[in-house]
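Trainee: Each chain, letter by letter, is given below.
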Amino acid sequence: MNALLDVRGLNAWYGESHVLHGVDMQIREGETVTLLGRNGVGKTTTLRTIMGIIRQRKGTLRFNDQDMMPVPLHKTARHGLGFVPEERGIFASLSVIENLMLPPQIAKNGMTVDEIFELFPNLHERRNSPGTKLSGGEQQMLAIARILRTGVRMLLLDEPTEGLAPVIVQRIGDVLIRLKQRGITVLLVEQNFRFASRVADRFYLMDHGHIQSEFPVAQLGERMDELHKVLGV
Amino acid sequence: MNTVFGVPLPALLGQLLIGLINGSFYALLSLGLAIIFGLLRMINFAHGAQYMLGAFTAYLLLHFAGIGYWPALILTPIIVGVFGAVIERLFLQRLYGLDPLYGLLFTFGLALMLEGIFRYYYGASGQPYATPPSLAGGTNLGFMFLPNYRGWVVVASLLVCIGTWLLIEKTKLGAYLRAATENSTLVQAFGVNVPILLTLTYGLGVALAAFAGVLAAPIYQVSPLMGSNIIIVVFAVVVVGGMGSILGAIVTGYVLGITEGLTKVFYPEASNTVIFVIMAIVLLVRPAGLFGRE
Ligand SMILES: Nc1ncnc2c1ncn2[C@@H]1O[C@H](COP(=O)(O)OP(=O)(O)OP(=O)(O)O)[C@@H](O)[C@H]1O
Ligand SMILES: [Mg+2]
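Sequences listed follow chains A and B, in order. Per UniProt numbering, numbering through the first sequence is continuous, rising by one, with the last residue being 233. Per UniProt numbering, numbering through the second sequence is continuous, rising by one, with the last residue being 294.
No lab work stands behind these hints, which were simulated from the structure alone. Check each hint, because a few of them may be wrong.
What the hints assert, rightly or not - Derived CB-CB ranges, DEER-like:
| hint | chain 1 | residue 1 | chain 2 | residue 2 | range |
| --- | --- | --- | --- | --- | --- |
| 1 | A | S129 | B | T171 | 16 to 22 Å |
| 2 | B | V277 | A | S129 | 56 to 62 Å |
| 3 | B | A65 | A | G15 | 23 to 29 Å |
| 4 | B | L158 | A | G163 | 44 to 50 Å |
Unchecked claim - Calculated pairs, DSS-like style, for lysine-lysine (alpha carbon to alpha carbon, straight line, at most 27 Å):
| hint | chain 1 | residue 1 | chain 2 | residue 2 |
| --- | --- | --- | --- | --- |
| 5 | A | K180 | A | K75 |
| 6 | A | K133 | B | K264 |
| 7 | A | K75 | A | K108 |
| 8 | B | K264 | A | K108 |
| 9 | A | K108 | A | K58 |
| 10 | A | K108 | B | K172 |
| 11 | B | K172 | A | K75 |
| 12 | A | K75 | A | K58 |
| 13 | B | K170 | A | K133 |
| 14 | B | K170 | A | K75 |
Note that the coordinates shown come from a computational prediction; the quantities given were computed from them, not determined experimentally. No residue lacks a Cβ here, since even glycine has one placed at the ideal position from N, Cα and C.
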């Protein structure tokens with residue numbers, strides 16, 4: 001079966017500075033894949049380049065058998081790709097419900113607002129308060145929920161558990177498992193690999209702007225030494 | 001005779017009305033500037049010229065097509081707004097991402113060109129534009145005489161300001177605009193066509209200026225310099241309200257117009273400078289403006 005997301009030899013630059021040096025990854029429909037790596041190796045850059053936010057890029061980037069390189073940023077979402085940034089991107093001048101309803105619907109199979117409020121009751125309680133009055137965990141849930149409403153096929157999720165309490169991390173894990181049951185493909189950037197091992201099928205380990213190795217979740221135990229060395233933890 | 005602090009009441013109310021009228025124009029113009037600045041991050045130096053263009057378009061519609069005030073009040077903002085949208089597409093879009101100085105210089109040049117063209121054909125003196133017959137005359141309010149047209153200017157500007165505010169605060173389009181003002185890249189990644197949003201926003205800001213220009217035509221004369229006379233004060237209003245704050249622009253516009261009117265009663269010598277003095281104080285105490293985010 002062809003990969004849903006097919007990335008080959010992806011390079012990216014910020015002005016003069018060359019950050020991605022030939023990233024390769026193939027992700028099949030329905031998989032949850034975690035991208036691991038030390039701070040500053042280019043994980044966020046990889047997601048932003050796949051999404052089309054970073055335009056200084058070279059290489060092959062195919063999604064659902066379509067060449068994404070010429071697609072302008074505002075048309076990328078229509079192909080079924082959704083992006084949740086590291087800083088969550090909750091808009092301060094929009095209420096919770098306005099934040100939730102902001103991204104245009106791209107497919108009919110997205111979560112309904114009722115389903116979202118059932119999954120995240122806190123959001124329902126606070127639907128009329130400004131988006132940034134939410135706690136960090138609630139903001140993360142809102143950031144994920146608003147993308148799920150649109151009916152994406154694949155979610156690019158950047159460090160969703162960063163700075164959150166263990167209970168909230170658990171909730172976010174529950175949500176990712178629900179997504180997997182719905183058949184949504186996820187590329188997750190995560191430092192917390194205990195959390196990642198709960199949801200991921202596969203791992204990519206990134207170093208200095210390229211993929212250093214790849215392994216299934218079953219090998220996580222035997223790879224611990226390598227991981228500790230590369231991740232410096 | 002009734003007096004307030006030694007000033008006869010009719011004189012006070014008269015100046016209050018003049019202040020309110022000026023405030024109506026300040027509010028409309030600073031609202032357009034604030035919307036444009038909020039999303040495009042560009043100071044539209046052509047705003048005064050676009051206000052003048054609104055007044056002249058109404059004047060030209062009347063003299064060359066026989067189109068009167070009421071249709072012109074609708075047509076002019078559309079015509080001038082489309083002109084603004086074309087300018088944005090052809091020129092401003094090339095300047096995003098560059099130093100904001102380029103946008104400032106471009107719009108400044110545009111203002112000089114527009115003024116130059118109308119000066120060439122009409123000279124520096126003003127052309128009269130008649131008050132629409134339906135609003136001629138005035139109403140005796142008992143305590144003062146209110147020219148009907150001036151009452152209409154206040155009502156029309158309030159309606160348009162409130163309407164624009166509702167558009168921005170209560171509609172989906174407004175939500176896109178507010179969100180894109182905060183983080184346009186993310187809004188674009190959500191699938192919103194931000195380039196079109198920028199064009200619409202600039203067109204809307206320019207249309208507001210043109211609407212103010214048509215409203216102004218029967219009160220002030222239609223003159224090539226009418227824009228540069230008012231725009232300096234409007235920039236001060238925007239600075240006091242807080243760059244990019246929609247509500248700030250509206251409220252500050254009216255409040256400063258009235259303040260200016262009252263100053264004329266109590267300390268006439270300062271009436272031309274009071275707004276700039278307030279601006280200086282606000283810049284010292286609250287540089288982000290009264291309604292701006294720190
Ligand atoms: N806007 C930018 N301009 C220039 N360089 C940048 C920019 N953003 C990131 N970089 C550089 O690119 C490299 C990769 O950054 P990136 O944010 O992708 O790393 P990361 O793996 O996501 O790190 P972290 O774990 O800290 O989030 C870093 O060296 C960083 O300094
Ligand atoms: Mg990162």
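Trainee: Please list, smallest to largest, the hint numbers that this structure does not respect.
Mentor: Of the numbered hints, 2, 3, 6, 8, 9 do not hold.
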